[in-house]
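Colleague: The sequence shown begins at 1 in my numbering and counts up one residue at a time.
Since the hints were derived computationally from the structure, they do not count as laboratory data.
Just so we're clear, the structure is a prediction, and the values are computed from it rather than from any experiment.
Heads up, some of the hints might be wrong.
[As the list claims (entries may be wrong)] Calculated cross-link-like contacts (lysine-lysine; reagent style DSS-like; alpha-carbon spacing at most 25 Å): (1) K169 to K200; (2) K328 to K92; (3) K198 to K279; (4) K161 to K309; (5) K264 to K309; (6) K169 to K300; (7) K35 to K161; (8) K264 to K304; (9) K309 to K35; (10) K216 to K161; (11) K57 to K161; (12) K279 to K130; (13) K169 to K279; (14) K100 to K328; (15) K92 to K126; (16) K304 to K126; (17) K92 to K169; (18) K324 to K297; (19) K324 to K309; (20) K304 to K169.
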Amino acid sequence: MNKLSPFYSAINRGNSPLRIASHACHEGFQVSLAKCNTEWMFIPSPEGKTWDADYRKMPNNIIEISQEQFNKMDFIDLTMSHTIQQIQGMQKMSDFFGIKHINLNHIYPNPSFNDRYIKTINESRKDAVKVFTTEHQANEWGYGASECEIIGHGVDTDHFKDWTTVGGKIISVANFYQDRGDELGYDIYLDLVRNLGKDKFFHIGKSSNNSSEAAKNYNHLASLYQVGYIFINTCHRSVLPTTLVEAMSTGMPVVTKNNPTIDKLIVNGENGFKVENSKEMTECITMLINNRDLAFKIGKGARKTAIEKYNMDKFIGKWDTLLKRNIKT
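Please work from the sequences and hints to get the whole structure.
Modeller: See below:
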């Protein structure tokens, strides 16, 4: 690949899509990001992650290619990393071709990370354009708002809609819930099952022991949200799970483990309930089961919040602006 190709290819390109080298990440998030005016080249990731078509169909403007195939490409406009393991390789690639590297951070620092380790991670991405999903998340990593970009989630609120309000199951959504128990709060889920009865719950997601199954496709996932009665999020460390926003967009009541991001999003009794432990979550679920009018009110408020804060037009607009601002012209 010619090192000067990105510069010459950017000239007089008009409104042609930006070509971005990346690794596979969360399929739901990447489907949203692919709605921007972009072409994505997914090269093998250091974690071995590939696109999981069971979760989302791969958009037409994303292709998975080998490192050898990528090396023969004429140009790219940007590189993007999503995890700590991906940063160094993508930064080196950007440095070689003289283009920008965007590091998109999806998580809070792990509680096991000490200040020295966080400093080491931040040093590895010092030359990258740093993007976080909330200001508080950026602060937790040691960045002020002027040192990074803040772009929240985007959800297709025209797809996730039409909650039926018909009494159904208590819904949770996560792949490998048990295997990722420390991260996803599986201990809280087990407490809820003991408190309320296993028959009231329906978990959606792949599992290593075949205890649950993923939705068959994107439409099937939306239909499962529609007939659930309450959505629960037990996750300990995710800044804001996309599944929580999808459920809110559907218009169903949500009960979620609290964190500083969710604390600013959810107003108890208006658009959901935020809790600190399984006892509080059990109480809120029981209240919603026994009060259909309250469940309807909460669900309506949840959808209103999702449309206002996480609509796809806002998401695409912010990302298109950021991407265009960082290419060579």
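Colleague: Taking the numbered hints from earlier one at a time, note which ones the structure violates and give those numbers from smallest to largest.
Modeller: 12, 16, 17 and 18
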